[in-house]
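**Q** Using the sequences and the hints, build the whole thing.
Letter 193 of the sequence shown, counting from 1, is numbered 193 in UniProt numbering, and no numbers are missing.
One or more of the hints may lead you astray.
Said to hold, decoys possible - DSS-like, lysine-lysine: derived pairs with alpha carbons at most 30 Å apart:
{"no.": "1", "residue 1": "K210", "residue 2": "K182"}
{"no.": "2", "residue 1": "K191", "residue 2": "K83"}
{"no.": "3", "residue 1": "K194", "residue 2": "K182"}
Stated by the list, open to error - If you anchor each label on the Cβ, the simulated ranges turn out as follows:
{"no.": "4", "residue 1": "Q183", "residue 2": "D92", "range": "22 to 28 Å"}
{"no.": "5", "residue 1": "E219", "residue 2": "K145", "range": "43 to 49 Å"}
{"no.": "6", "residue 1": "P212", "residue 2": "D17", "range": "18 to 24 Å"}
Since the hints were made in silico from the structure, they are not lab data. Computed from a predicted model, the values in this text were never measured in an experiment. Idealized CB from N, CA, C, for every residue including glycine.
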Amino acid sequence: MAMTSTWSNEFAQNIFDLKDKVAVITGGNGTLGAAYAQAFALHGAKVVVTARNMQTLEETVASVREVGGECVAITSDVTDPQKVQELVDEIDTRFGRIDILVNNAGMAFRAPAEEMPTDKFNQVMNVNVTGTLVPCQIFGQYFMKQGHGKIVNTSSVRGFCGHPDGYSAYAASKAAVDSLTKQLSTEWSLKGAKQGFTINVNAIAPTLVKSPLTQEICEDPARIAPFLARLPMGRVAETNDMIGLVLFLSAPASNFINGQIIYVDGGCTAG
1 MAMTSTWSNE FAQNIFDLKD KVAVITGGNG TLGAAYAQAF ALHGAKVVVT ARNMQTLEET
61 VASVREVGGE CVAITSDVTD PQKVQELVDE IDTRFGRIDI LVNNAGMAFR APAEEMPTDK
121 FNQVMNVNVT GTLVPCQIFG QYFMKQGHGK IVNTSSVRGF CGHPDGYSAY AASKAAVDSL
181 TKQLSTEWSL KGAKQGFTIN VNAIAPTLVK SPLTQEICED PARIAPFLAR LPMGRVAETN
241 DMIGLVLFLS APASNFINGQ IIYVDGGCTA G
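**A** Listed below in structure tokens is the structure:
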């Protein structure tokens, strides 16, 4: 018996369609968060940005509205299950659906590994790992009831390979995000196949991204040299380099991609 093709012109035409999808971005007050918010809005999505500071979130909202998009800001704490549940409830009340979660909140602390303060190590792990786990849990439960959802976590090449610049806590946290992404994908894929829901959980793993937060590194020849030495393309990442992958992992085009850590690193991990 010949196999039936699953190809359809309609799907191909809408393969990157995000119109009227509701996308939630944690850490929505930073350079990347604001860029993601604008990109989603430009592709027709309704955007919710969240962080602890409303003032900086309002700057993101204003930037989205400048490009004609719809965006709302809601304060929350990604490490607090109750706060994240309140966030989900408010979004559901406002829009009646949630389609995409981008876990963009994070932090780093630099110190030689042998001198890394345990309180700073724990703080980085709490923000980067717990702050990814909790939204995945709360939004994941919502997606199970809804029947679908897409989650894009933020990892780093540091979760795969070390670096001499003193980011042991950050590297450990991103390795944990990698494993968490794969574990959630595996658990929820198997459960979803039995219970009738689909949740895609993937992660982007960039190299150093040029931004106000990394300006000190990028402008210091001694500190940027080790990064550039491991980047075959000869430059660090720009914000624009991140946007396409986040949108792709949020769109129908990536429906069969699950549990993947995708590097945006100028070839760093290829050699």
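**Q** Straight-line Cα separation of K191 and K83 no greater than 30 Å?
**A** 26 Å, holds
**Q** Does the Cβ pair P212, D17 satisfy 18 to 24 Å?
**A** At roughly 33 Å between Cβ atoms, D17 and P212 fall outside 18 to 24 Å, so the hint is violated.
**Q** CB of E219 to CB of K145, is that within 43 to 49 Å?
**A** 48 Å, holds
**Q** Quick one: are Q183 and D92 within 22 to 28 Å, going by C-beta?
**A** With Cβ atoms ~26 Å apart, the hint holds.
**Q** Could you grab the alpha-carbon distance between K210 and K182 and see if it respects the 30 Å cut-off?
**A** 27 Å, holds
**Q** Are the Cα atoms of K194 and K182 separated by 30 Å or less?
**A** Given that 30 Å is the threshold and the Cα spacing comes to 19 Å, the pair holds.
Checked against the numbered hints listed earlier, the structure breaks hint 6 alone; every other hint is satisfied.
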